[in-house]
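Protein chains: 2
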Amino acid sequence: MSTIELDTVEDWRVFATDQTVERVTQAGEDTIVTWSDGRESAYHRYFLRDNCTCSHCYLPLTREQLFEITDAPADLAVRSTSVATDGALNVVWSDGHASRYAAGWLRSHASDATSRAERHAARPQSFIWGREYADALQSFDYAEIMADDRVLWTWLGAMRSSGLTQVKNVPTDNHSLLAPIARISHLRETNFGRVFDVKSKPVADSAAYTSVLLPAHTDLPTRELQPGLQFLHCLVNDAVGGESIFVDGFAIGEAMRAQYPAEFATITTAPMAFWNRDDRTDYRWSAPLIALTAEGDLSEVRFANFLRGPIDAPAQQMGEIYTALRLFQAMCRDPKYFIERRLAPGDMWAFDNRRVLHARRAFDPQTGERHLQGAYVDRDEINSRWRVLARELGETV
Amino acid sequence: MSTIELDTVEDWRVFATDQTVERVTQAGEDTIVTWSDGRESAYHRYFLRDNCTCSHCYLPLTREQLFEITDAPADLAVRSTSVATDGALNVVWSDGHASRYAAGWLRSHASDATSRAERHAARPQSFIWGREYADALQSFDYAEIMADDRVLWTWLGAMRSSGLTQVKNVPTDNHSLLAPIARISHLRETNFGRVFDVKSKPVADSAAYTSVLLPAHTDLPTRELQPGLQFLHCLVNDAVGGESIFVDGFAIGEAMRAQYPAEFATITTAPMAFWNRDDRTDYRWSAPLIALTAEGDLSEVRFANFLRGPIDAPAQQMGEIYTALRLFQAMCRDPKYFIERRLAPGDMWAFDNRRVLHARRAFDPQTGERHLQGAYVDRDEINSRWRVLARELGETV
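Protein sequences, first through last, are from chains A and B. The opening position of the first sequence corresponds to residue 1 in our numbering, with each subsequent residue numbered one higher. The opening position of the second sequence corresponds to residue 1001 in our numbering, with each subsequent residue numbered one higher.
Worth double-checking, as some hints may not be accurate.
In silico contact screen, one side only, chain B against chain A (beta carbon under 7 Å); selected entries [what the hints assert, rightly or not]: (1) V1014; (2) T1062; (3) H1109; (4) S1111; (5) H1186; (6) L1225; (7) R1277; (8) D1380.
Straight-line alpha carbon distances no greater than 25 Å define the calculated DMTMM-like cross-link-like pairs of lysine to aspartate or glutamate that follow [to be verified]: (9) K336/A to D1071/B; (10) K168/A to D197/A; (11) K199/A to E1068/B.
The hints are simulated quantities; they were obtained by calculation from the structure and are not laboratory data. Positions of the beta carbon are idealized from the N, C-alpha and C atoms, including for glycine.
Generate coordinates for the entire structure from the input sequences, incorporating the hints supplied.
Here's what the structure looks like:
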């Protein structure tokens, strides 16, 4: 495999390919590259010009583009092409500008259907789980996360893949969850603070701060962007009751898609209202319970029954919306989808709050103290840190 | 107008109506209310049961729902209805549960087409602007924002409506922008910190921290949720050049919708890649340049040319995508859409970073110091604070 090191400035990554450019032809606005494996990739003139990374078009200091494609003349055309000795494609433009594109970069960014399907298939897949995952659930050690970048990277990878991980042996001092989080990123602050204390409070501004059963929910569905990763750390757990339950919302989503396609269609399109009802805040957001990517993959679950507002939908759709909602709620209670654990002091759950719903059984505050601390970090930060660690550890991702 | 005070716990708001319930009939799963103005509103049995706010169904302490609609029997039916002396609808259910609904609440949450259209029309509209707005641009005084809740509320309302406001007479001490922000909410922290310093830096990790021209952009399009409101405060501005330019992205969006419908369709659907290229972070997100709500209203603009990654689209769509992109960029440069100002020390801009693009002309760092400080607050926080202030000020919104 020939790894081609770019002398241009567009990226920190190195793009490699086993293939070489065999032939370059021109067809209208497209430059057609025929590869050594026979694949043909068409590159539009604007795409190529836009991705010139010479030091006139890019700011080397920040690796950011200076050139704007709107400054290319409307009649810009490829004047000539050639393949360099290192395999790169050289292009000279009708206005005299010259660009070069490494073969690995071209292959990695090709827009033909085969290349795009390959890239789509190579994306990381979510690992979907149910009750049986309780035995295989990945557990990480606090001290190893703090000391070893590879353990940190593996932990973040498990959060990305399964949405649920457990950390053991976290010190039980106040705010000690912040140390492993600082290995990742800054926090996502909310109106409940940078760190929130989950304990029964005499004047509660959320059901979380009482001792009642909390049905399976995501936190803060009242916000346009729900917090991505939630870290929930147990300091004290002496009260009777209060077991934690986790449900993979993606497992429920895929089961609905397979078994109840009509209800799945409803739940992925009908906006559901979420409101909080505090005297100092008034957050509201409406969105479907399950969001899909443009390609139809599951991207997000949004649900907290205790934060729902009245559904605003045409009267004739109410029946189907409630049928789908009732099904979703019933599935969230089905033990085959959930993992139940009693948290011990020093345990910390780290889970994707936009995928994994969590529930808490009622507890009796008269029987002992129960004190958890929680904090949030957005998905962007987990993903960025995971990519940078992969780069530093020499992993190809 | 009769204002009906609820004895139930569902909300902090009081819902009022001029209308009274004239007649209540049953049609299949729907309870039909005929109002004094002749309107007929159908309420599905699950919708009514779901919105029972008696103290069994709701937790009075937090005003959050305890009842879950999945616990209603599948054959739940309305056994009887009556209109109370205060005009509220009383319902007795087939399982013996009893609920009541104030007339104002029913009217405000009716799902008939007329009621829904009324609510849609009553939503706050964005005020779209261009160059001519420079003369009318709203300016607020720092001391008044700090002292007067009504000025604060008006300022937030102007941000929601026009997306661009200016504050004068902010002290020029380090971090003094935090005082007016603290009147609103906590900050949206990013990898650039809670407060970021915009000045020319010898080792820049963003084009913002150089002296080059910054074309019109939104900040952090590399994140799934771009920061909502940006506060940009001028402490020192002695350098030649560096004028600030603001462009209403919604004005460009609406102009494209009206004049270039094909390009508008492309720009609102084709995903555009945004990547940062720092050695310590690797953020990536792809989304259309303009996002629409489910109803087709403009909801967001996402664009920074210097953070774009290679477009990943089918080869045959590249031509139309680049045509739309070039048009969008060209419109962002058209002086009829922009307001240009030179910031003076003590000026602070507050603008919707997901709507208003900002640009900076190149400056000469040899001619003097230029130092701005910036911070972000998400739209959720602005909207929540605005609603709570409205409640406290007795405004109906």
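The hints, checked one at a time:
1. V1014: V1014/B check fails; min Cβ-Cβ to chain A is 14 Å, beyond 7 Å.
2. T1062: holds (5 Å)
3. H1109: Result: holds, 5 Å to nearest chain A Cβ.
4. S1111: holds (4 Å)
5. H1186: holds (5 Å)
6. L1225: holds (4 Å)
7. R1277: holds (4 Å)
8. D1380: holds (5 Å)
9. K336/A to D1071/B: holds (19 Å)
10. K168/A to D197/A: holds (19 Å)
11. K199/A to E1068/B: Holds, at roughly 23 Å.
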